[in-house]
Structure formats: structure tokens, C-alpha cells
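Visitor: Turn these sequences into a full structure, and let the hints guide you.
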Amino acid sequence: MNLTLKVWRQAHATDTGSIQTYDAKDIPEEASFLEMLDIVNERIITDGGDPIHFDHDCREGVCGMCSLTINGVPHSKEKGITTCQVHMRKFRDGDTLWIEPFRARAFPIVKDLMVDRTAFDRIVAAGGYIDVRTGSAPDANSVPIPKQNADASFDAAACIGCGACVASCKNASAMLFVGAKATHLNLLPQGAPEKDKRTLALVRQMDAEGFGNCTNQYECEAVCPAEISADVIAKLNRDYSAAAAREAVAD
Amino acid sequence: MAYDGSTTGSNTDTLDSAIPEGPLPEKWTKYKDNAKLINPANKRKYNIIVVGSGLAGGSAAATLSELGYQVKCFCYQDSPRRAHSIAAQGGINAAKNYRNDGDSVWRLFYDTIKGGDFRSREANVHRLAEVSANIIDQCVAQGVPFAREYGGLLDNRSFGGAQVSRTFYARGQTGQQLLIGAYQALEKEVSKGGVTMYPRTEMLDLVKVDGHAKGIITRDLCTGEIERHAADCVILATGGYGNVFFLSTNAMGCNVMAAFRAHKRGAYMANPCYTQIHPTCIPVSGDYQSKLTLMSESLRNDGRIWAPKSPETAKKIREGKLKAKDIAEEDRDYYLERKYPSFGNLAPRDISSRSAKEACDEGRGVARTGLGVFLDFSDAIARLGEDTIRARYGNLFHMYEKISGDNPYETPMMIYPAVHYTMGGLWVDYNLQSNVKGLHVLGEANFSDHGANRLGASALMQGLADGYFVIPATLPNYLVDQTPGAVTVEAPEFEKAEAEVRERIEKLLSIKGTKSVDSFHRELGLLVWDKCGMARTKEGLQEALERIPEIRKDFWENVRIPGDADGVNMELEKAGRVADFIDFAEVMCHDALNREESCGGHFREEYQFTKDDEAVQSGYTNEGEAKRRDEEFAYVSAWEHAGPGEEPILHKEKLVFEGVKLSVRSYK
Amino acid sequence: MNALGKALLGFWGSSIGKKLIVAVTGVMLVGFLIAHMVGNLLIFQGRESLNDYGYFLHHFLHGWGIWIFRLGLLGAFALHLVATIALVRENRAARNTRYAYDATVQAPRSSRMMIWSGLTVLGFVIFHLLHFTVRIDPDLAKMKDPMDPSRHDVYGMVIAGFQSPIVVLFYIVAVSFFCTHLNHGISSLFQTLGLRSEKTRWVTGKIGIAVTLILWLGFISIPFLTSVNLLKDEGVPEKSAAHGSAVETISES
Numbered sequence: 001m002n003l004t005l006k007v008w009r010q011a012h013a014t015d016t017g018s019i020q021t022y023d024a025k026d027i028p029e030e031a032s033f034l035e036m037l038d039i040v041n042e043r044i045i046t047d048g049g050d051p052i053h054f055d056h057d058c059r060e061g062v063c064g065m066c067s068l069t070i071n072g073v074p075h076s077k078e079k080g081i082t083t084c085q086v087h088m089r090k091f092r093d094g095d096t097l098w099i100e101p102f103r104a105r106a107f108p109i110v111k112d113l114m115v116d117r118t119a120f121d122r123i124v125a126a127g128g129y130i131d132v133r134t135g136s137a138p139d140a141n142s143v144p145i146p147k148q149n150a151d152a153s154f155d156a157a158a159c160i161g162c163g164a165c166v167a168s169c170k171n172a173s174a175m176l177f178v179g180a181k182a183t184h185l186n187l188l189p190q191g192a193p194e195k196d197k198r199t200l201a202l203v204r205q206m207d208a209e210g211f212g213n214c215t216n217q218y219e220c221e222a223v224c225p226a227e228i229s230a231d232v233i234a235k236l237n238r239d240y241s242a243a244a245a246r247e248a249v250a251d
Numbered sequence: 001m002a003y004d005g006s007t008t009g010s011n012t013d014t015l016d017s018a019i020p021e022g023p024l025p026e027k028w029t030k031y032k033d034n035a036k037l038i039n040p041a042n043k044r045k046y047n048i049i050v051v052g053s054g055l056a057g058g059s060a061a062a063t064l065s066e067l068g069y070q071v072k073c074f075c076y077q078d079s080p081r082r083a084h085s086i087a088a089q090g091g092i093n094a095a096k097n098y099r100n101d102g103d104s105v106w107r108l109f110y111d112t113i114k115g116g117d118f119r120s121r122e123a124n125v126h127r128l129a130e131v132s133a134n135i136i137d138q139c140v141a142q143g144v145p146f147a148r149e150y151g152g153l154l155d156n157r158s159f160g161g162a163q164v165s166r167t168f169y170a171r172g173q174t175g176q177q178l179l180i181g182a183y184q185a186l187e188k189e190v191s192k193g194g195v196t197m198y199p200r201t202e203m204l205d206l207v208k209v210d211g212h213a214k215g216i217i218t219r220d221l222c223t224g225e226i227e228r229h230a231a232d233c234v235i236l237a238t239g240g241y242g243n244v245f246f247l248s249t250n251a252m253g254c255n256v257m258a259a260f261r262a263h264k265r266g267a268y269m270a271n272p273c274y275t276q277i278h279p280t281c282i283p284v285s286g287d288y289q290s291k292l293t294l295m296s297e298s299l300r301n302d303g304r305i306w307a308p309k310s311p312e313t314a315k316k317i318r319e320g321k322l323k324a325k326d327i328a329e330e331d332r333d334y335y336l337e338r339k340y341p342s343f344g345n346l347a348p349r350d351i352s353s354r355s356a357k358e359a360c361d362e363g364r365g366v367a368r369t370g371l372g373v374f375l376d377f378s379d380a381i382a383r384l385g386e387d388t389i390r391a392r393y394g395n396l397f398h399m400y401e402k403i404s405g406d407n408p409y410e411t412p413m414m415i416y417p418a419v420h421y422t423m424g425g426l427w428v429d430y431n432l433q434s435n436v437k438g439l440h441v442l443g444e445a446n447f448s449d450h451g452a453n454r455l456g457a458s459a460l461m462q463g464l465a466d467g468y469f470v471i472p473a474t475l476p477n478y479l480v481d482q483t484p485g486a487v488t489v490e491a492p493e494f495e496k497a498e499a500e501v502r503e504r505i506e507k508l509l510s511i512k513g514t515k516s517v518d519s520f521h522r523e524l525g526l527l528v529w530d531k532c533g534m535a536r537t538k539e540g541l542q543e544a545l546e547r548i549p550e551i552r553k554d555f556w557e558n559v560r561i562p563g564d565a566d567g568v569n570m571e572l573e574k575a576g577r578v579a580d581f582i583d584f585a586e587v588m589c590h591d592a593l594n595r596e597e598s599c600g601g602h603f604r605e606e607y608q609f610t611k612d613d614e615a616v617q618s619g620y621t622n623e624g625e626a627k628r629r630d631e632e633f634a635y636v637s638a639w640e641h642a643g644p645g646e647e648p649i650l651h652k653e654k655l656v657f658e659g660v661k662l663s664v665r666s667y668k
Numbered sequence: 001m002n003a004l005g006k007a008l009l010g011f012w013g014s015s016i017g018k019k020l021i022v023a024v025t026g027v028m029l030v031g032f033l034i035a036h037m038v039g040n041l042l043i044f045q046g047r048e049s050l051n052d053y054g055y056f057l058h059h060f061l062h063g064w065g066i067w068i069f070r071l072g073l074l075g076a077f078a079l080h081l082v083a084t085i086a087l088v089r090e091n092r093a094a095r096n097t098r099y100a101y102d103a104t105v106q107a108p109r110s111s112r113m114m115i116w117s118g119l120t121v122l123g124f125v126i127f128h129l130l131h132f133t134v135r136i137d138p139d140l141a142k143m144k145d146p147m148d149p150s151r152h153d154v155y156g157m158v159i160a161g162f163q164s165p166i167v168v169l170f171y172i173v174a175v176s177f178f179c180t181h182l183n184h185g186i187s188s189l190f191q192t193l194g195l196r197s198e199k200t201r202w203v204t205g206k207i208g209i210a211v212t213l214i215l216w217l218g219f220i221s222i223p224f225l226t227s228v229n230l231l232k233d234e235g236v237p238e239k240s241a242a243h244g245s246a247v248e249t250i251s252e253s
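If you read the protein sequences in the order shown, they are chains Z, A and C.
Residues 1 to 251 (the numbering used here) make up the first sequence, in order.
Residues 1 to 668 (the numbering used here) make up the second sequence, in order.
Residues 1 to 253 (the numbering used here) make up the third sequence, in order.
Do not rely on the hints blindly, as some may be mistaken.
[Stated by the list, open to error] No more than 25 Å apart at the CA atoms, straight line, and that leaves these computed lysine to any residue pairs for SDA-like:
(1) Z/Lys90 with C/Ala103
(2) Z/Lys25 with A/Ile403
(3) A/Lys627 with A/Asp613
[Said to hold, decoys possible] Negatives, chain Z to chain A, calculated, CB over 12 Å:
(4) Leu5
(5) Ser18
(6) Glu42
(7) Lys170
(8) Gly210
[Claimed, not checked] Some chain C residues flagged as far from chain Z (calculated, every beta-carbon gap over 12 Å):
(9) Trp64
(10) Leu217
(11) Ser227
Calculated directly from the structure, the hints in this document are not laboratory data.
Quick reminder that beta carbons are idealized off the backbone N, C-alpha and C, glycines included.
Guide: Below, the structure written as C-alpha cells:
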């Protein structure tokens, strides 16, 4: 199949960048989307050009490294998958595809389609953990957890940290990511002692990183490859209100 | 130069594996009782470099920082959470005996030794089994959401190679959940100041000072800056070398560079010929293919594996003239059921993989490339109904359909084996220290625990055991004799290493040839897959050893790397990795050639049971099964780098078995 | 600054804090709208009910009531506005570049027009206040209850105010915009206040639609029915007038 690609090219972080057009000719239908880019890149290299840089690693939908948008939607419109799981048979011969990086102030562009998502790491460092020293843990079965809580916690823990939620949000909000982390840990008895501290710290770091606010449009939920529900945002709002209130009045 | 495969010219010295004295079950306890300690005030004076942030590296960096050391942790990905440990699906073994089904540390130890086809070091494996239970405690406390039963306690399932249910799991994302646990611990230490994280940073060389590993040279993958990092010791946790085959289930970025740089600086590479081929992967669909996707082995519980009996029928299927369902029952060869009537489709990984290869080699492969066999659920659907099959395998069928475009409820899946895990790696002693003092190697990057074949759900266990529990206890033994901060980046060794790194980059960029990096990688991968893949022969390996230097020469003359070194340049990154894969492939083939036996993932066609063997006549095993030669080859091959293009030097660590009796594996 | 002050400032400074303020003031404003609509609907009971209601509003708590209420309302409105403006500024800054190919997957249109529907509301409220509260039209301002000339004739004013088709059209269009704002706003309340979950999700969206629909019908009905002449000022029936003057007599004695 033959396609036209409109690709965002940006040489480095401070370059202005622009959309460039590429012909992707004779692409096998069985190829994955990223393999299509590999083929285009191989041709660019042969022609003496600079290949299109994009982030990718596991290519099986779990590492969360792939970070581009296809026709304005992170990871494409197909539900519950990452860019690396998009296959070319989903497109039609002659299609024009717009390929752009995740766009958010908190995710500065590194080059072409690569962005810097270390803001997520800093949010996790601020409080996205249970402070347990290696070797000090009690027996794993000493604290039973109701299956329903364990399952709900798991649903939130499925987040792969790709940042599609931010990229899809008109406000570049990281609420789904932060909500998922808070929900994962706040629902577990092991996470209870630090619940308030964690929730406040996560939200403060999120704000400090320059992410926007949630306006309840749920675009994040629609593009999340781990299909995390925006309910985690409601839970974060609730946990935050309670934590902020306790912080204000309690000792 | 034709290599004759003999072991002449190799050193027959025994490496000092530093195994503690005493009976097997007491070694680790005694070791810890007598281990040297560093007082808390002094710990913070020591700097430790950890390369890699997966289960092994991430857990080591976090734990060492908790203990008070100053840690620098490096990864090539944009975040430590992306390490490929994340892709492990199945589970993690631990001898908890929560099921009351008779499990014990000893049983886990024994199963692991036997699963590794008696080619691993007993003392290390026993220690692994001992700490396995602590890993589960630690992970649960961190908030890893393992599967639970309705009573709120942890669930277990059984996994290949064991008769007890000792595998803890988190849906199909066990690796992901464990890695996130380690990552969160790591970020916690980052926030406390004990760990400095260097994402998008690649180690390009190891720096040795007075024979000790004291630092690394890195390249910042964003700015292109070459940096020196000095420390009191270096820990490598950089994963396996499966990508030497180009196509594997590894992530695209997985590479052998850090381990191979250490090898070039003197660290021995042990058992590189031990590679695990997983039988149920989605077949290659074309030349452009970049990676292979694994599907859970559990599919073999209900799917029947077959290939057409005649190559002509297979050809028609490949050309699309016939469909699977057009093939009459009598024209199908359910080869696993035929060859292994009692295990059938559940035959072990290595057996299943090799049988698929044989069918395809006979021209009976069915995928368009001729490399694929059917995994057919039509009988199971007829017997159990589509709903039951959907409940059991729905997500796997969905994944298969996403990738292949075929609906497995209607037409059989096609599968083919793919490289999955590498048991070999840098040689380490009981302290996880390589023969280069101060260089410690953890996880898949070392060789120690899985012998010639790894059991399912053991990789995660080993990575976390090494990082959380072993290295924190063994590292002080080395550090206590080191003056903290004695070596700085001003040392001439750093200057020299940095100059060499820069020279190599400039050399790569100056070639300005015509062929892409990937084209060389693909060529190398096809060669080693063909000659050093599922089945190996002396002739094939000799041929590979003749071809590899040609590929290397071609690479260094004709590779084309666009752009420069000042900033992001993914082709340059790949080129460095591929150059090392080429050199590494040589060591791997030398090892495979030297090991004149079949064991685990290493199958030499010359060494298999025939009808003349007593074990076959007595009905204990089948013709064509792997034949170990314990008398000659019960040792670890540790290869020393002998200079560019030179044949590596073999060192042997004799494997002594005190706890278990060596026996022939049988699957009949 | 003491801990409480610090906490409050931190609350305002945080994204979720400001959103909570928008949500809570939103609840207050929706509450006002419901009360306002119920009051309006008294028009269908006739002149007397509506004018009684109007009189009550202006005189409860000795006339202080309405001012306390208005100040509260103004405060809520101002906070709603100020917090929203702050959020919008942050959001614009957070997404400082746009996609060349802009796409939306599932965000409802109403949610994407909040700023515009909100600004329409602001314009409408100003017009509406000038129209019926400040009464800049002297003809409307001087209308007296025919049954009790000492008090304002709310009923007559409303009917007269909706005689112009342009005004009616403006009201209908503006109220409709207002309602798209409410639709997203009300269902969002539950999310921001943390009340939305897997179990409640099915109902929170429906509550938004239901409340909006009721408000829309309630508010639209008066200008619409007036414009098609189904609601009209038919003067004062004799009996009521007598009754009215009796009331007046009592109040004057």
C-alpha cells in the first residue's frame, strides 16, 4: 500500500520544527505502524537524509515508550493499544497520516517525535511509592486484602506511564496518570499510612511540573492503552480533598 | 581460519567461584554470618554505579541506597520503568508453600537445577531458592498487586517444570507489576537523594584502574555528551543478548554492549551458547519485521500443534490455494502427539521448538515464509464450546488477531519459536563478582542460576533476588578493602577510555558507507539463527565463524550513519550496539562449537540419543533427545577476550554437584 | 502565616483545589437556578402568586434577605468565574502548542464549549439583570400591580418583557447555551467532588441531563408561551382585585 505521511520534524529541543511530507510507498499490509516508519527511515538513510526519530522499545504494548500521535490521537483511534500495536492493515491505500509528537509543555520535545517524560518520574519520586525498607517486610500473607480492593488497585496499577493521557487532553492534564498511581497505592492496606502525604505530594508535584487541569472530558480514558477508567480521577479528587482538609485542621 | 572445535589451547584452570564452605542448605546463612560489614557512617562515603534499571538493577540501586551508599543508576530508556523486565507475563516462583502441596526450598532448588539440565552452580541456585520467599514479602509490602483469592490471601498457579503450585502472578503482567514496584522504590531513593538517575544514558566502556572496575564512560543520548563516572565499584544489570539474533522477543533497545565492553576489558563471558527459544511466538511475516511477539505457553493446554504431512500440501497453504480447514485429518501430522505420546502438546519448550523447526526444515511449514506451524483450537472449541475457550484465552486470541489479522476462533493460529531469554552471561562468583575485581553482574546479564535452560517464572525471581537480597549482602566484602573515593575521573585510565570511546564514534561516523545499520544486524541475526539457533552442528558453527569476520569487515567499511554525534542520533546508537553484537556472536559460536554435547537450550545435532543407546532401548527416553556428556562437559565455559579478531581463551569452572545426582531428562 | 492559612493558600494554589471551588460554587449556582425556576413557574398560577413571591423576596428579613442572598450569589458567581479564569490560563499554558491535526475521540461538544457557553451565560446574565432586575426600560420599571398599586407588577413586566420576538429569541438561544454549560457542569460536579465511581457512573451523567432538561423546559416555557400568546396579560379579574384590595387594607391599617 502507498501512503502519504505528514511528519513533525524538529532537529532539537529549541528548534521551531515543522510538518514535512514523506511518501511511504509499497508498505506491506502485515507491517506494524512502527515497522512502516522503519521502512521509510531505511529509505531516508539510503537517500542520505536524517531518519525520523521516534521513541519505541518493547514493541509489544507494555513498556510505554512509544509516544507519537496518529491523526491527532495518541496511539491511534483503536481502543486499548499502543502505537507499536497499530498495524498497517487498519489504514487504506492512499491515506494521508499526520504523525506528531505528544504535545504538552511538561513533555518538551527532544527531537522529532521524541519527548521528555521525566516529569512523570519526578511525580512518582514525590510520593508514588510505599516507603518500605528492603528486608523489613512482614510475611506476604500476614495482611489479607479483599479481592475486590486488590482487583481495583490492580486496574489502576496497569498504567504503563506512556503519557497518552496528557497528550490527548486539551489541557495537557496528568490527572489520569496521577489518579492511577494514587488509586493503586491508596486502595491497599500497605499504602494506608502514607495516604494523605502521598496524595498531597503527588498533586503538588503534578502542578509544579506544569500539567493542566482536568475538565472532565475523559479523552484520557478513551486513549489509555491500559484502559484505566477516569474514575481514578474522581478518587484522586476525593482523596485530595480529604487530605487537604485534614492537613488544614488536624495535627 | 577453520576452528577444529577441540578444547586445545584453552586453559584448564578452575576459576575460583568463592563458594562458602559447609553443607548446601547452610552456605548462605553462614556466609551472611561471617560477611564483612561497613558501618553506616562509612557507607555514605562509597559511590556505586549501577548500569541498568530493570528488576535486578532497579532493586539493587534502591536497596543499596537504602543502606546508605551513594548510587548512580543508568539506563538507555527515557525512564527506569521501561526496562524489558516489564514484558514478563507469567509469574514469579517462590518456595512459600502457601498451597500446602509439599513445596520447599529444597524442591525449588532441585527443580531449578534439573530444569537447567545440570549446568548451573548448586550453591547459587540454593541461595536463590532460599531468598525467593523474601522477595514475595518485599513486593507485597511495596504494593505489588499480586492475584488474590476471595479470602484475601495470595493466589498461586503451577508452571512448567514443577509439580507444585509455587508461582505468584499478577494477571498477565507480573513483570510489569514487579518492575513498577522496584521502580517506585528506586524513585523513593531518588527523592531521598541516595540515587542519582541517568535516563537516556548509555554505557560505552568500563574503566579499570589497577585491575579493578572503577567507573564507566557514558554517552548522553540527548546531547551526545561523553561523560566519565568514577565509583568504588560497578554493577552491571544490563540484561541478556537475545537481540544478537536480530529477531527476538526482546525490546528493540536490548543489547550486549555494556556486558561486551566489560568482556573486552577482561571480564569472562560464560556459557554464551545457552539461549532459550520459546515455542509459541507469532511467526515472522516479512523482511521488514522488527521483533517477535510471544504468546503465553498456556495455549498449549488446549491447542493441538500440527503441520501438513506432505510438503506439497504445505506449499499450497503457503500460496493461499488451500486453507487449514481444507486439510483432511489423515493429511495432518500432530507431530508432538506422535513423538511424545504422554506429554503430547505439553512437551517442554526446547523439544517443542526443535520439532517445529524440523517440520519446517522438511518443507512442511505453513506461514507465508514457510516458517510456521498450526496451533489448532477447533477440537477444543468443538469439545468445550467457544465461550469456554474465550474465557480461558480471550485476551491472547485478541492479541493474536491484532497482530496477525486472523481470527483464531475460525482459523488455526500459526506459531513459530523465537529467541526469548539468554542463560549465558558474564561469569560471576558466589558474590556475583566477575573475575574483574569490583565488577558485579546481576540478573540476566550474569550466567549463574539457570544453567542451560531456564524454567518459567524463574527470571523475575533471579533478578529480584540478586538486587534486593544478594548484592546488598555480598558487596561489602569487596568494598571493605577499598578506600572510598580513591579513584576520580581525573585518573589517566579515564582519559584513555574516553579517548577510545570518542575514537570509535568518530570512526563509525566517518565510514559514510551505503548500507544501513539494520541491514547488518539482520544479516548477522539470520546467520546466527541459522547456525547457532535451535540446532547447531560443527560444520554450521565453523561456517558461521568464517562468515562473522566478513560481516564485521563489511560493517566497518560500508555502514552508513547519518548525522553527527552532537545530539540524538539513533543510528549511531544502534551502530555501536550492532558492532558489539557482531563481535559477541563470535564468542557465542566458539562456545557452541566447543560444547560437544547437547544440554538445555544448546542442541548439537551430533549429540542426541539414537536407537543404539541403552536409554532408548529401555524406553526411558526417545531417539533424537538431547544427550549430555557429563564426564567431559560438566563445567562452565568462561571465555576470555584475546584481542580483536582473536579466538577467545577458554577457562573452565568445574561444576561440582553435592546435592543432586545428575540424570537424563525424560519427557516420554 | 498560620497552618490553616497556609493550607488554604495551598488549596487555592492547587489545581484540584480550584476545581473544587468551581464545583462547589457550581452547586450553589445550580441550586439558585432551580429555586429561580420554581419561582418563575408561579407565573402559571397567575399574577397574584408571582407578585406575592416577588414581594416576599424583596421584604423577607425586613428587606435584608434579598441583599444577603444577592451577595452570596455574587460571591459564588465571582469565585466560579475567577477560579475558572485561573484554570483556563493554566490549561492554555500547559498545552502551549497545538496539533496540526486536531482530533477528539469522545469529549462531548458541550464539554469543549464550556468557556464559550460560560461567556454567553455571563452576557446573558448581565442582559437579564438589566432587563428584569434593574429594569432599564422605564416602561417595565414603572409597572404596578393592578391589584395592589403599591407593589411592582412582576407578572405584567414578564409578559410585557417578552412581547418582542427578538428578546424571546435571544432568551431561548441564551438559555439553551446556558443549558449546554449546565449539562457538562452538573455531570462534572460528581467527578470533581469525587462522587463518580464505577457504581455511580451510570447515574451521574443522567442527573446532569435530567436537571438540565428540567431547567431548560422551565425557563424556556415562559418566553416561548408568551411569544405564541398562550401566556398573556388578561387584566385583573374582578374577584381577585377585591381580594387584593382587602389585603392592602389590612396591611395599611
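Visitor: Take the hints in turn and mark each one as holding or not.
Guide: Hints, one by one, checked against the model:
no. : hint                   : in the structure
1   : Z/Lys90 with C/Ala103  : holds (18 Å)
2   : Z/Lys25 with A/Ile403  : holds (21 Å)
3   : A/Lys627 with A/Asp613 : holds (10 Å)
4   : Leu5                   : holds (16 Å)
5   : Ser18                  : holds (18 Å)
6   : Glu42                  : violated (5 Å)
7   : Lys170                 : holds (24 Å)
8   : Gly210                 : holds (18 Å)
9   : Trp64                  : holds (32 Å)
10  : Leu217                 : holds (25 Å)
11  : Ser227                 : holds (35 Å)
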